[in-house]
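**Q** As you go down the protein sequences, you meet chains A and B in turn.
Position one of the first sequence corresponds to residue 1 (the working numbering), numbered consecutively onward.
Position one of the second sequence corresponds to residue 1001 (the working numbering), numbered consecutively onward.
It cannot be assumed that every hint is accurate.
Here's a subset of chain A near chain B, in silico, CB distances under 10 Å, partners left out [as the list claims (entries may be wrong)]:
(1) S36
(2) Y77
(3) T85
(4) A99
(5) P124
(6) L128
(7) P132
(8) Y297
(9) S311
Some residues of chain A that are not near chain B, with every Cβ distance over 10 Å (derived) [stated by the list, open to error]:
(10) P88
(11) T119
(12) Q212
(13) R257
(14) A265
(15) Q315
Just so you know, the hints here were simulated from the structure itself, not pulled from any lab data.
Every residue, glycine too, gets a C-beta built ideally from N, C-alpha and C.
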Amino acid sequence: MNARHAGTTRAAGYPGAAFVLVVLVLLAGSAFGADSFLTPLGPIAGAEREYLLDIIGITMIAIVPVLVGVPLILWRYRRGNRRATYQPHWSFSKPLDIAMWGVPVLIIGFLSVWLWQHTVKYDPYKPLGDDPLQIQVVGLDWKWLFIYPEQGVASVGEMALPVDRPVSLSLTTDTVMQSFMVPALAGQIYAMAGMQTQLNFIADRPGFTRGQNTQYNGAGFSRQSFAVHALSQNDWQSWVEKARASPLSLNARTYTRLAERGSRAEARAALAPDQGSGPLLFSAIRPDLFQQIINRYHDSKGLTAQQQPGSPAYQSGGEHE
Amino acid sequence: MSDPIFGRLEWSSFFVHEFIAAPSIDSAVAAGAGLAVVVGGIALLGVLLRYRLWGRLWRDWLTSADHKKIGIMYIVLALVMMARGVLEGVAMRTHQATALDGGILSAEHFAQLFSTHGTIMILFVAMPLLIGLINYVVPLQIGARDMVFPVMNQVSLGLTTAAAALIMVSLVVGHFETGGWSAYPPYTGADFNPGVGPDYWIWAIVLSGIGTTLTGINFAVTIYKSRAPGMHFMRMPMFTWTALCTAIMIVYAMPPLTAGSLMLALDRYLDFHFFTNDLGGNMMNYANIFWMFGHPEVYIVVLPAFGVFSEISATYAAKRLYGYASLVFATMAIAAVSFTVWLHHFFTMGQSASVNIAFGIATMIIAVPTGVKIYDWMATLYRGRIRLTAPMIYMLGFFILFVIGGLSGVIQANPTVDFQVHNTLFLVAHFHNVLIPGTLFGMLAGIQYWFPKAFGFRLDERLSRRAAWLWIIGFCFAFLPLYWLGLLGMPRRSASFSDPAFVPWMYVALAGALVLLSAFFTMLQMGWVSVRDRKRLAVPAGDPWDGRTLEWSVSSPPPEWNFAATPQVYSRDAFAVEKEAGHPYLPAQRYADIKMPNATSMGMAVCIAATLMGFGLVWHIWWLAIAGLLGMAASMIARGFVTQTEHTISAAELEQAHRDWLDDVANTRAVTRDEETSPGNRGLAAADVVP
């Protein structure tokens, strides 16, 4: 008996302490990620963070008794303990059973009401105010295209938006399914070819964060991220002006090349070899481009692999009207 | 067009080709894995021929219809696949630790690793482990001689093995799918992935899906129809209850997976448009079909573990199970509600808030019966006399870690939070947190617990405990950091990342993965040492743990026929009650002739034919696919002509064997629980005088 206990506590003791130590060092060392909803850039992400902490708090009512009770019971009722009561035939207690079912039912009942309210309140489709900035997002392999129909500009790999103005995204892809995520603003929503999804958010302070695709879509997946700039009104205006000054325009030719499978850098090398690094900006766009991308998948003739960007067989030479 | 004889198979499809053409760390790892499969296969064959084991293996095991042997073979299959799955896990952790703007493996190779790791760990480790354990234990627990359909049992194993073989072959010839274990189209469709990878996945899934469905039917019918007289539903051991619920769930949940992957096959092979982007195809249908299987599957793999924990908590606390009816009701509730929650796997697909609310609440409701079960086990231990042996160490790890997994489950059930953590490492941490402390610890505890029943000797206790602690500690290091990384927004399946803040956590996780690897090797060492010391650890009397249910009332290992005479059951914990009343180990009042199923090669024939068919389909070698299909049909027809399907065992032989064993028991020294893990424990439990 004694040898057994000594062995197990020794085995549990050192790594346990080491683990706690390592966690503390890491928590102290790594700053909260700037691209996470733990450091929100807007009210939606902020509410999601608050809600996460609330759920953890409530659930602790059910969990702490287990974390505390199990070691206590195992120790108290160990075979070697002569003083502990032993009731080998005890197998039911009505009040205990009522508590066992009742407490979780109450917690889950309470959480269900919360879940309902929050899900309605933070529905990604719900507009966050009048006159939102419209941005159309197209997922490509492996980059994101942002179209600003009102401003008549577009960008790849960079989403700029003014602070304190609601933003309404419409999303689709011109390839396989992707999931568009900006943690510091609003989390994620899927984007699928031939379909349109929506995401609404608002930035309440100027700042920089990053977004990314979270749905695996091939070798370039983990590099399919983009910069997000929440800008003051003036900065936002000058960003739009900068885009309008870009020599590139988003027409059928440039789009088909852009849509081809490959990284942002490869697309830049093909479209604007002299533009240096950073995001690609387009000054003029076809006004109905987004809708056309969606509509193409509803053609009664169907699409061959050669006509689908993202397919290894895709030919960017002119098939795209 | 593909070649009529070799389909699309070429020299460059073989594993060494890429390494020779372009040597790198990445291609070396891939070639090494392929080489390991080939060398392992040849070494196995060599050992069989060298020691002339082939005949015995064929006669006693591969053609056996005995549920006990089939159960053991399922578990051997699971352990072989687990070796690969664990190594893949270590490879992925190593890669991600170096993946700041890079990584030692190619993105493509990393994608194959996470896809095979997921597919293997769920369908070829968790499932065979629990199916093997149920196969072995349930007939013994309910007083039956075998499954109701012993040959179908063998065919199920054959199909599952064929599927596992296809996945192993993908290491040597060609490559595997890269879209994760869920293989979402359109990414896995022919337009975007014309290669063989998705096809390997499809046919492995289809074959194992059919095999597993047959298993579910077999288990359910056996439990309905073959219980010993007096074993009412409310007298069944809890493990059998969970097996019944799992079996029913398998019957309802596996067909959607099989159908969904066949629809994907129709898309890929015959240009159907179920899940394509164009012509009305819609991948959202796939997501629904897949998770209609996928979510119940989570409970299919965890319920038997709950059953194991119910058995061992009562046994090692030397006490009745607390709240039997509550546990039965909770198990049934989980089984039923688990079919109503699948949509929580895609809260982010753009459906209305109302839909998300309904499925979110349904998901949280499952937390209630699950929580009740945890409290029931705590109450079982309360006022017991607990021995902290290896299975109980697993249970301790389960208690503490599983509730954390439950917490993260409740968090993700809320669509509002799920928009943030979906598809991130938070999710990866969550499901490993329920699958490892839940399913895996449960299955390992079960193996630890029933091993002496199956083989007649205990597992080395010291190494068993060391392995259990290593699993627990390794899990904490390997997976708890992933929660934090997920909250920081790191997507799952990332072959590289650009935030340096992730790196230290990745190293912690890698250290954890290495501890898990050492846990796996400690298990192998435990097996080796136990086999070496089997005489010292032998428990022929059959009851090494002072067990409570019928399987402990027979010898270890049990005879082919399990029970010399069908037992009569008067209560729950039938064997414990007999022991308390002071009259266990009685000869039967009457012995009668019995019939047992004959050995048959049908299962092996189906296994080989199915493997060839799958390989032919993957590589478009049509003649081989047709030959495989015809081979399966032929084996079924041939079986139809077999008239002698059973052999008789005479009452005299049964009585002789039973009385011999009872004599041995009478000459065995009974030990109290103080000597449980000492060589003095020969499998006969003394009435335990508690201080």
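**Q** Now tell me if each hint is right for this structure.
**A** Going through the hints against the structure:
no. : hint : verdict
1   : S36  : holds, 5 Å
2   : Y77  : holds, 5 Å
3   : T85  : holds, 5 Å
4   : A99  : holds, 8 Å
5   : P124 : holds, 7 Å
6   : L128 : violated, 15 Å
7   : P132 : violated, 18 Å
8   : Y297 : holds, 5 Å
9   : S311 : holds, 5 Å
10  : P88  : violated, 5 Å
11  : T119 : violated, 5 Å
12  : Q212 : violated, 6 Å
13  : R257 : holds, 19 Å
14  : A265 : holds, 13 Å
15  : Q315 : holds, 13 Å
Going through the hint list in order, the structure does not satisfy hints 6, 7, 10, 11, 12.
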